[in-house]
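Protein chains in written order, with my numbering: chain A, 1 to 89; chain B, 1 to 175.
No wet-lab data here; the hints were simulated from the structure.
Be a bit skeptical, because a hint or two may be false.
Examples of chain A residues toward chain B, derived with CB under 7 angstroms [unchecked claim]: (1) VAL21; (2) ILE22; (3) ILE25; (4) THR26; (5) VAL30; (6) LEU35.
None of the values given here were measured: they were computed from a predicted structure.
Even glycine gets a Cβ: it sits at the ideal position worked out from N, Cα and C.
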Amino acid sequence: MNNLELFLSVALTGFSLILFVISAITYRRVQRTKLLFVSLAFALFLAKGLLLTLGLFIDSIGDVFHASVLVTMLDFGIMLFLYFSVVKK
Amino acid sequence: MDEDVLELENRRKIYQLLSKFPGMYLREIEKELGLAIGVLEYNLSYLERAEILSVEREGNRKRYFVKDDVSFGDKATIGILRQEIPRRIVIHLMLNPHASFQDVLAQFSISKSTLSFHMKKLTEANIVGSEKEGRSSVYHVIDPENTARVILTYKASFLDTVVDRFAEVWGDMGK
Numbered sequence: 001m002n003n004l005e006l007f008l009s010v011a012l013t014g015f016s017l018i019l020f021v022i023s024a025i026t027y028r029r030v031q032r033t034k035l036l037f038v039s040l041a042f043a044l045f046l047a048k049g050l051l052l053t054l055g056l057f058i059d060s061i062g063d064v065f066h067a068s069v070l071v072t073m074l075d076f077g078i079m080l081f082l083y084f085s086v087v088k089k
Numbered sequence: 001m002d003e004d005v006l007e008l009e010n011r012r013k014i015y016q017l018l019s020k021f022p023g024m025y026l027r028e029i030e031k032e033l034g035l036a037i038g039v040l041e042y043n044l045s046y047l048e049r050a051e052i053l054s055v056e057r058e059g060n061r062k063r064y065f066v067k068d069d070v071s072f073g074d075k076a077t078i079g080i081l082r083q084e085i086p087r088r089i090v091i092h093l094m095l096n097p098h099a100s101f102q103d104v105l106a107q108f109s110i111s112k113s114t115l116s117f118h119m120k121k122l123t124e125a126n127i128v129g130s131e132k133e134g135r136s137s138v139y140h141v142i143d144p145e146n147t148a149r150v151i152l153t154y155k156a157s158f159l160d161t162v163v164d165r166f167a168e169v170w171g172d173m174g175k
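All chains, full assembly: derive it from the sequences and hints.
The following block contains the structure:
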C-alpha cells in the first residue's frame, strides 16, 4: 500500500458518501423514482469505496475483493442503476 | 369541527402576531388579539408543545417567540416549496392566476414530464387547485395568503441549494 493509493481510496469513498447523502436527501424530498436509482448507484459506489479502503488495511478483505467477481458485480450494479435513472421518465 | 377551525384561526393569529412582534407577554397578546385568557393560554400551550413557539421565562412571566425553522400548519407546504421549481411555479401562478399548463411550461426550461410531476405534487398537497376551462385545465393557488407567507419567510439553506441543483441535473437526465 502506498500513500497515493490510500489517499485516492479515502477520497473516492468520501466523495461517494457525500454524493450518496445528497442523492438520498434529494430523493426523500422530491420522491422521483429516477432519483432513487441514482441514489442506489451512489450507495453501491460507496460500498465499493469502503471495501477498497478496508482492503488496503485488512489483507483478507483485499484478497477476496480483488480476486472475486464482487468488483465486477458492483460495477455492473452501478451501471444498471444509472441506466434506469436515465431511461426512467 | 367548527371549534377546530376556530382554534386553527386563533393559532394562526397568535402565530402571525408573534412573527411580527417576537417576545410578547401573555397580557400583551391578550390585549392585541382580544382573546379570552383561557383560550389564549390553551392555544399558547398547544403551540409550545408542538414546538411552533418557544418560551423564555422572566421571573413569573413568559415571553413567546416563533421558532425560526417552523411555520404553523405549513410543514407539508414548506417541504414542497423549499424546492426551487415548485416554488417558482407557485409564484408564477400567484402572479398569473388561471394559467394553463402550457402557459406555465412556457415560463420554465423544464420538460413536460417534470412539470407534470411537480403540478401533481402541488395539487395533491392542496397548494394548487385546477379547474376545467374549455378543453384545458387552468391552475390557481388555493391559499395565496398563507402560501405567500411561507415563501416570504422561507430562507434557502446550503443543503436546499445543493438538493435543488442535484434534482435539476438528474431529474431532467435522459429527456
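Right, here's what the structure says about each hint:
| no. | hint | verdict |
| --- | --- | --- |
| 1 | VAL21 | violated, 10 angstroms |
| 2 | ILE22 | holds, 5 angstroms |
| 3 | ILE25 | holds, 6 angstroms |
| 4 | THR26 | holds, 5 angstroms |
| 5 | VAL30 | holds, 5 angstroms |
| 6 | LEU35 | holds, 6 angstroms |
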